[in-house]
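Residue numbers (the working numbering), protein chains in the order written: chain F, 1 to 653; chain W, 1 to 345; chain Y, 1 to 324.
Careful: at least some of the hints might be erroneous.
Claimed, not checked - Cut-off 25 Å, straight-line C-alpha distance, at most; resulting in silico cross-link-like pairs (DSS-like, lysine-lysine): (1) Y:243 / F:154; (2) F:497 / Y:229; (3) Y:243 / F:497; (4) W:98 / F:332; (5) F:154 / Y:229; (6) F:541 / Y:44; (7) F:70 / Y:48.
For the record, the hints were derived by calculation from the structure and aren't laboratory data.
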Amino acid sequence: MSIFKIIRRSALLAAVFLCLTLGVGCSNNPYPPPLQENGADGSPWKVRYGALPEDPRSLDPQVCYDSVGKRVIEPVQECLLEYHPFKTDPYELQGCLLEALPERLTGDGGKTTFRCTLKQGILFHNDPCFPGAKGREVVAADVLFAFQRIADPKVECPALSTLQDYVEGLSDAFEAARKSGQFDYSRAISGLQVTGKYTFEIHLTQVYPQLLYWLAMPFTAPVAREAVEYYDGKVHDGIARDLFRFHPVGTGPFQISEWKRNTRIRFVRNPNYRTTTFPTGGWDPTRESELAPLAGRALPLVDEVCMTIFRESIPIFLLFRQGYLDGMGVGKDAFSSLITPSRDLSEKYKERGVSLHRDTEPSTYYMSLNMQDPVLGPNRKLRQALSAAFNTPAYLDIFYNGVPIVAQQLLPPGIAGHKKDLRNPYGYNLEKAKALLAEAGYPNGRDASGKVLELTLDTSGGSADERLGAEFQQRQFEQLGLRVKVVENPFARLMEKLDQGSFQIAAGSGWGADYPDPENFLFLYYSKNIPPAGKNASRYKSPEFDALFDQMATMENGPQREELVSRMNALLAEDVPHILLMHRSLFSLTQSWSPRIQSNPMLEGGLKYAVLDPKSREELQKHWNRKPLWPIGLLLFIFAAATVAGLRAYRST
Amino acid sequence: MTTSSQDWLTQSFLPIWLPNLAVLLGALLVALLVWQGNRSERWAVAWRRLRGDRLGQVAGAVAALFLVVGALETVVYPTDTGSRTVLQLLLSGIPQEKGYSAPLATNALSVSDPKPLLKRHLLGTDALGRDTLVQTLRATRSALWIGGLTSLVYIPLGVLLGILAAYYRGWVDDVVQYLYSTIAAVPEILMLVAILMVLGKGLGTMAIALGITGWVGMARLIRGEALRQMERPYVAAAKALGQSDWRILTRHLLPNVMHLIVIKFVLGFSGLVLAEAVLSYLGVGAPVGTPSWGAIIDASRSELSRDPLVWWNLAAASTALFLLVLSLNILGDALRRAFDPKSNS
Amino acid sequence: MFSYLLRRILFFVPIVAGVMLLTFALFFMVQSPEAMARRVLGPKATPKAVELWLHNRGYDKPLLINRIPEQPWYDSLFISQMRRLATFDLGSSDVTGRPLAEVFRQGALPSLLLTVPAFLAGLVMSVGLALYLVFIRNAVADFIASLLCVALMSVPVMVYVIFGQYLVAQVFNYFPAFGFQLNGWSTAKFLLLPIALMIVSGLGADVRLFRALFLEELGQDYIRTARAKGVSSAVVLLRHVFKNGLINLITLVVASLPFLIMGSLLLENFFGIPGLGNVLFTAIQLPDFAVVQASVFLGSLLYLGGLLLTDICYAWADPRIRLH
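Just chain F, same shape as in the assembly (with noise of 0.2 Å):
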């Protein structure tokens, strides 16, 4: 057979394929199929289509506490407590796992113990570590292991740090099993007791009523100890198993039902879920219409959960616009497409039915001055005269569209103690700046022997965005006629030098509440923890601080824990450890047919609460990516002058 022939015909092989791939593929529609057609009951199958920025790193989850985890993490594995989805102000917990808020009972020495009984009747989700692959009851045991777990060193819990000082037993179950190098899982903690099948009580060491926030986190949450001798890559059936961080069992409305790396995690809903429903109280009359239908409901409102991965984020825009998704945060590439000047969402997308949202986070973000730096340390004026020079408001407008708030204080709104009319008295004012730099000693930036000072901002990232932030902060200083030297540093050299105190301004700065309390940011200028025992990288050393610290952080929101609040603040806007920035907000959108139900920052997303109407976006999506046929047409015939131009050459030869 001539080489010809045998040419001609792998052509016509593969442009046959290519058409009926063509024909097969020919649809925009990025995600597989659904798991079912019906729910269960014979209505639609209501799949949530989301997005994720990276794999989550661990889900174990005495462990998880990098953001991806976290949202991934929360579907799957319920806590002790959970926060009211609709309470944002003051946050309120409530009973998860447990049948209610734990009894407090105090013993003498500031000893507590929490007595808490957990919910009967919850199963672990049905999964192969069990017998049957049938998920067991929930009993106390199982929140036993979970605190050994937290003191094992091999798995590395976050937590430990901290609850190594409130919870007994719980340091000594460390530093035994790190001198072993085996933690002995036979040995109880005396501070986690068993008193009953669902009955348990905490002992701690001292006066800790923030203990609670922490229950409502995964790290406290009963994990079953058949899943964790289950996976860990052991072989059971001749199939090699997930490890256990990249598997959990929880009891959650949702189980993991395929994670495929770098691409999708999707969740389904747990049929044997009864742990909580829809609350029928709690919210904000204005949505009375519109969520008392969903009162008492069993949860969760969807069938199926697929998030994408998406490394970038300009392709969660595009996929939106094309209704793939049902909602997505406004990152800095898209704002401008979305937000008119006036913070608004613009026209096209209003047409389309989209909502748009904007939260303020609960986090602070300053800029720490080091209290131990020769310079800066004992002159408190020079201090005041930096933070009133810097135009914060200018700041966030340029660099983060104006979208977040100008913090007046370290505390957030949301978290008890934060005052809705403050104003920190050296917020921006630059003749008042000035005047007081004079008054620091020194006039229009000179010191007496008319030698400019010089400073050093450490600042962190390589990026444009960050460079040019970085030479907007240096300017901002340099108005006073003082000289800014700008070292950008790599994220963790720039924590590196917070940490050991060689800085003496460091941009980059901040915290987000691990909970709603003031305690949990006032904590951040408590003597006791200058690095490297704790994160005051200010090295801010007030004894009336201090005092007044030990006072109010284990006291019961009220007036008078309010009244030593506000007296910490007066003292941090006097002293300035920080020149403070901004509480972060942003904005979301929400397409037409998924309404938003809840958007409490304590919670990871709150995936139970998610509506959805499937036929409404069905239609959309059809409506928003329709097909022109032109440039087919065009294309078969820019192919077939070619060809034919090609034939009269070969013939003419």
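Position chains W and Y relative to chain F; hints supplied.
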């Protein structure tokens, strides 16, 4: 403590008129090359052949034009706020707006609030309101510097090691082969990112990093050609005459591989200019404040999802890059044909 | 032949050692192990947590050589890692703990699904077009084709991808703009666009290369002899030019084979294909030294394998070449 990561080559110890010096040196180098070329028979023949190659001449002219624009952007003169380039001076009549605007538009790009522009812009403006044409022209400098500086690094390194390996053979050859096999086996990305993170970002450090990864190809090529040349009788004759190694290397071997160097330089240049776009995407491209085509192309990704569509920045940068690379490629081919008419390109 | 192979493989061992040393130096020149731990654990990590993390992964050992008294000199980070790699134990990710053999295995398939069809189809198209151009020997067509090829070569890959993705996925809505799925025939809809872009971006250079190759064959003496003997053009072209050019072609093809598995960083990032292309780059940014090390190790083995294959092909193709 390290200083802020601007190009350290132009930062601490070099005054602002060093770039002018560089342009002067560049011109001198070209003159030297031409003078040297006139002396060689082979080069004179090639030049004659080149004269008949219309397309090659056009390509050469276009490349020269880019060179001129790049030089205009490199030559600086001091002002009271720092320094400014001659190109900026020539284009100073073009104002900066507040944000995007379409080519030849009279109002800014905004559906709700189109403010009038200060002036019409031929190719529109970018996100910060800077004229696209101005930015594209200014970015020529980055492309040329990356190509030029990197060539300054990898060509001497590659040629030297390649020739030495071919001439001395034995353990010298083994060492050179070991060196370039090892460096070639390390992924380029890792080397680039590591070197740039340690030395800081900037056109100069990029050139060093790209040069370190790039000399391998040149060394291999020169080594191969030099080995072939070594077989020729004139080398043995020179040795028999008792000429020193240095003389043989510089008077005989080097001139005979020079044409390969020139061709590889021209083609390599275009490859480097293309690579800059990818490097910008990876985050190891030109630093902030230095206009570069790669940065414009990278930024255009999000521009294409805007509404109304912002296409002019991508179009301008791609076209400029395309024209430069195309002319360099055609010129390289023409040179190859000029030196060896039998070669099929 | 066998002794030659053996000698080559032995020569590769110091190269791999050099590569690993260089990688080690490059990585830790940028940041110390403590800095790496801090980046992974985040700003809220306490110094104790950092120390524990380092200890659990062996990063608290001295870096290159252990000079602490009473400890063996070879109990250093670098040497213990080399010993592990020498047994082809790729270890586990520092950040997630996932066994790396599994990570690479899972990532290989999507990368291959992208690169192999693009390679094969691109090869067929470029060889076909090159043969065609050589055959018709029409000066005008040649000129236009050459120009077109050079033009195609002069566009940066990124522009092809950005433009292609914009036009086909966004404006025309033919294919998904992003995502991937291994699902029988549906897999094709995620791959067609990136494959097409890959082919187009390489077409210019390949056609020129093969055309030059075939033209070189055409200039040989035996072709003139055949023509003088009256053999028809078509037969001359195919039987002789193609077959003899095939040898050089195969050598070129074989040399590129090992790199197919490493995927294309750009395309995989843009289209969200979970292959090996961006494994290294993500690992450098995280940072995850275990992944970087294992990737470089495998990558260098592949590279050297490619060199070896090239040598073998040359020797097989041209018996005159003595493998010395």
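Notebook entry, point to check: Taking 25 Å as the top limit, are the C-alpha atoms of residue 70 of chain F and residue 48 of chain Y close enough?
Noted result: Holds, at about 22 Å.
Check: Is it true that the CA of residue 243 of chain Y sits at most 25 Å from the CA of residue 154 of chain F?
Finding: Not OK: residue 243 of chain Y and residue 154 of chain F at ~62 Å, beyond 25 Å, violated.
Next item on the list: Could you grab the alpha-carbon distance between residue 154 of chain F and residue 229 of chain Y and see if it respects the 25 Å cut-off?
Entry: Since the Cα atoms of residue 154 of chain F and residue 229 of chain Y sit roughly 81 Å apart, the hinted pair is violated (cutoff 25 Å).
Item checked: Restraint status (C-alpha distance of residue 243 of chain Y to residue 497 of chain F at most 25 Å) -> violated (66 Å)
Check: When you check the alpha-carbon spacing of residue 98 of chain W and residue 332 of chain F, does it fall within 25 Å?
Finding: holds (18 Å)
Notebook entry, point to check: Does the structure keep residue 497 of chain F and residue 229 of chain Y at a Cα separation of 25 Å or less?
Noted result: Judged against 25 Å, a Cα distance of about 83 Å means the pair is violated.
Note to self: For a C-alpha distance cap of 25 Å, please report whether residue 541 of chain F and residue 44 of chain Y respect it.
What the structure shows: holds (21 Å)
Of the hints listed earlier, those the structure fails to meet are numbers 1, 2, 3, 5, in rising order.
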